[in-house]
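Visitor: Each chain, written out:
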Amino acid sequence: KAGVTQTPRYLIKTRGQQVTLSCSPISGHRSVSWYQQTPGQGLQFLFEYFSETQRNKGNFPGRFSGRQFSNSRSEMNVSTLELGDSALYLCASSLDTGGDSPLHFGNGTRLTVT
Amino acid sequence: SQQGEEDPQALSIQEGENATMNCSYKTSINNLQWYRQNSGRGLVHLILIRSNEREKHSGRLRVTLDTSKKSSSLLITASRAADTASYFCATTRNTDKLIFGTGTRLQVFP
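For the record, the sequence lines run as chains A and B.
So for the first sequence, my numbering puts the first residue at 4; every next one is plus one.
So for the second sequence, my numbering puts the first residue at 48; every next one is plus one.
Treat the hints as calculated values from the structure; they're not laboratory data.
Idealized CB from N, CA, C, for every residue including glycine.
Incorrect hints may have been included.
Said to hold, decoys possible - Here are some of the chain A residues that sit facing chain B, going by a computed Cβ distance under 7 Å:
1. Pro42
2. Gly43
3. Phe48
4. Glu51
5. Gly102
6. Asn110
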């Protein structure tokens, strides 16, 4: 089976712009979770989608949003980018929701905001 | 915010030695998972241990869980240079999201 695919791999954006990141889960996985990883804050949970519904949300401002399509592919959007949004954004898929089955991670999108 | 904290933050050993990493968490859990991350890449799932289990093995990995102390340990036996990575524990309670700890950076010298 193909693994989790995240695109693009690298992004450079300017403050104030918006960005959309894409994630294709493993075939058959219905849950997609997003995490932000920075050296200072570590791995922070953003949100989780299951069958096109947001199941859980982390403690991030409303500038961070996401969605899941009927084929389980997911996108996350960050509007009005700030310097502090520079991070590795990781997407992970799993068979079930709620952290009860292992997460399969993509290699991430490295976002740099200048 | 992190649910778990790994200890030590960094660990350096020689090939062939054993590596032990500890994870402490704050609230009751459904399960605890360990992941490995090579530099700049995604995390790889290593092992999942449920709250009613005390010990699990997978190859050279041994995980223990002590729910009374809210702690877990990951033992890697006979370490190899390829084991060099960051290791994270992650916990979940009820049907909530998976929350990761702060990680241990393991360096294995050939």
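Visitor: If a hint holds in the structure, say so; if it doesn't, say that too.
Guide: How the hints compare with the structure:
The beta carbon of Pro42 of chain A is not positioned within 7 Å of any beta carbon in chain B (closest approach about 11 Å), and the interface hint is therefore violated. Interface restraint check: Gly43 of chain A against chain B, minimum CB-CB distance 11 Å, threshold 7 Å, status violated. For the restraint placing Phe48 of chain A at the interface with chain B, the shortest Cβ-Cβ distance is roughly 5 Å, inside the 7 Å limit, so the hint holds. The closest approach between the C-beta of Glu51 of chain A and any C-beta of chain B is roughly 6 Å, which is under the 7 Å cut-off, so the hint is satisfied.
A distance limit of 7 Å between C-beta atoms decides the matter here; for Gly102 of chain A the minimum to chain B is near 3 Å, and the interface restraint holds. This hint holds: Asn110 of chain A has a C-beta 5 Å from the nearest C-beta of chain B, less than the 7 Å allowed.
Violated hints for the displayed structure, listed by number in ascending order: 1, 2.
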